[in-house]
Amino acid sequence: MIIVMNEKTIAVLKQAFKEFYFKNAEKITAPIRMKEREFGYMSFDKVMVRHLSFQTEGNLRAFLIKEMPHSVYYSCAYYYEPILAMDEKGWKGADLIFDIDADDIPTRCKEEHDRWICKDCNFMGKGKRPDKCPKCEGMRIDEEYWVCQSCLEATKDEAMKLMDFLLKDFGISMENIEVYFSGGRGYHVTVEKSALEELDQLARSEISDYVSGIGLSLESLGISKRASYEKMRRMLPLTNESGYRGRIAKFFSETEFEGYDGNDVRDKIIYIYEKMKHKNFENFVGEIVGKLSAKIDAMVTTDIHRIFRLPNTLHGSTGMLKRRCDDLLSFDPFVDAVALGEEPIQIFVDHSPKFTLKGKLFGPYKSERVKLPLMAAVYLMGKGLAEAD
Amino acid sequence: MFKRQDLLKRVGMEIEFGLEDLAKYPFLKEAGDYVKELSLSVEDLGQEDYRPAVERAKQRVMEAIQKNYISSEISEPTVELLSFPLALMLVKAMNVEYIIHRYSLAEAIRAERLLKEEKKSIISYIFKSTFNVEPISVEHELFDFKINLIEYLKRATHFHEPEWKLINRVVENGFVYLKTYELVRLIREEIRRKIYDRMKGVSLPSMPKNLKEAVHEISGVLPPPSDRFQRVTPEKFPPCVIHTLDLLKKGQNVSHYGRFLLTTYLLSIGKSVDDIIDIYPRSPDFNERLTRYQVEHIAGMRGGRRRYKVPSCRTLATHGLCFKDKILCATIRSPLQFGKKPPFKKKSTRQIRE
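Residue numbers (my numbering), protein chains in the order written: chain A, 1 to 389; chain B, 1001 to 1354.
It is worth saying that the hints were derived from the structure and are not from the lab.
Any given hint could turn out to be false.
Unchecked claim - Quick partial rundown of chain A residues pointing at chain B, CB under 8 Å, derived from the structure:
#	residue
1	18
2	137
3	164
4	169
5	170
6	195
7	196
8	202
9	203
10	210
11	213
12	214
13	215
14	242
15	244
16	341
To be verified - Here are the computed lysine-lysine pairs in the DSS-like style, where the Cα-Cα straight-line distance is at most 27 Å:
#	chain 1	residue 1	chain 2	residue 2
17	B	1326	A	92
18	A	250	A	156
19	B	1179	A	168
Cβ coordinates follow ideal geometry from the N, Cα and C atoms, glycine included.
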């Protein structure tokens, strides 16, 4: 694993980014209400600069070509004075943004492609990072994530569930929703030009809890220890209802349960409730809600000052674009978000699993010198798995 | 005695707003306008004609102080309506912040009680004209209204009970469904604030004798201002408890765990359930029935019949509620030990022998 990028690698990456921004300047578009937003960037030396402001699209394009940043960010928030210190900016409102990240979704492939290394004794292992090194018990452990097709498919499933909540439950119009591949490990779903922009942190955390299925009480389904079965039967959800009630009713209606063969969903729920008893049923509903909810990063949605990668700019760790998905279902990040060219360059790869970009298969590599198209070379160098040769 | 015996206002969607309605909701602008149109002078109010209104005003304030409750029976609408601005004057004249709070809350609870039983069209009208919220009446087995998601969230996030969490509501197409009593509960704090602000804005003329007497009489039933907090002298409270009490006194919201600390602590030092419930009226989402239930639950009088212990200093620190005094808290592990243990450890006898 390469912890610190060498100067030559940085120079190659910067050059690749500069050329991309120069050739594609017209594709870099300003976000709406650009003048009211804070901008920031991180250089390839990992220096973070915030509290910037751009007045025109031209300024923004010129800046990208000149600075060749690792990452460029813009605020979800609108301010009176975006360049002042945080408490002096004057918050006007903020887009409602959801981040779905492969990190937050447990997938089997992680055991295969994620790795960790103990910084003290260099012991390595696959899968999720342990709390302490099994060899030397050291706590200083570096992680190495890899993102594969199935990780990104899993994030897509979560994004689809999220969209369902936004459209059906919250009544947000499709025109106000943009879905972006983040350029890295997942999707950003952005709600713009909506009255929701005035919501404060508390209100956003209610939205976030709703989408993530946190805090659902059995009482909201009409179930309580004290209620009689007659009362429960009246209050239980039906499949034609909306919100969680309807979703949960549908789940019960569509799932087979041993010993029940009727088709009245309320009867079915009472039958299962009686069989399982209160506590087990509660846990069971918890599991159902876990399946129905969307795994979003709550920190992102509730942070009303956060900065996000600017659409149509490159992700410094992959060389891929943050790109709008016109059709989420058919969007393939490893084709549609690949932005850099195919001119060959020589790099030294420390290690890498197999991966595919634009339909071309690469790797696996292990401590070897290879000539790869720019898009693949940058992909590995950005992740710290290879160096310029 | 009044220029007009009745008033009918036709507003928007064919809603008739009679004098009785104004008497029920005297904080409405329409009610204020009506009283203004009577162009009464302060001197007028000293006259015998207005005695019933002054009496009712006095009763409003006394009820609020003594019972946290203002009756809602209306015998004579004009008297009832006029008694409201008079009551505001009386409270303002007493100039005790705590009474101003208590009175505005009691008025808000009275309005809530009436609104719960109100016609849907009137509820919709009041919400729209006064609070800028447009509830839409629905024909539904379980619900009476739906309101816009944003309007719901702005208000419901101040409540801590699980039923107010968005995930426990029926949410459809940008609307949240509510029963009438829930819709009305959602707005109670705004009614309270409206009355509170109105009172703050009242300018006090020099009052006729009968009003001065009323103020005097009310002052007689007033508990001394700090009585509510007086049972144990505050110097003996540990800093965590003082901090939480201060928040309550300032009318700020106290976290669930903060309330738990305060309740367990005060029970442990021997305060009664009633005394404790009495310190809570200032919180913005006060609901006496619920508070009573919770305090009694903690006292072991309800539910599992288990009396809850005061949380330890360590647990309080986890919840960000520890405001440790470097010297006085140095040796204690529970807020209950505050002031009882000597601040520095004495050497144990064994250590001395060694």
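Go through the numbered hints given earlier and state which of them the structure violates, listing their numbers in rising order. Failing hints, ascending: 1, 2, 3, 16 and 17.
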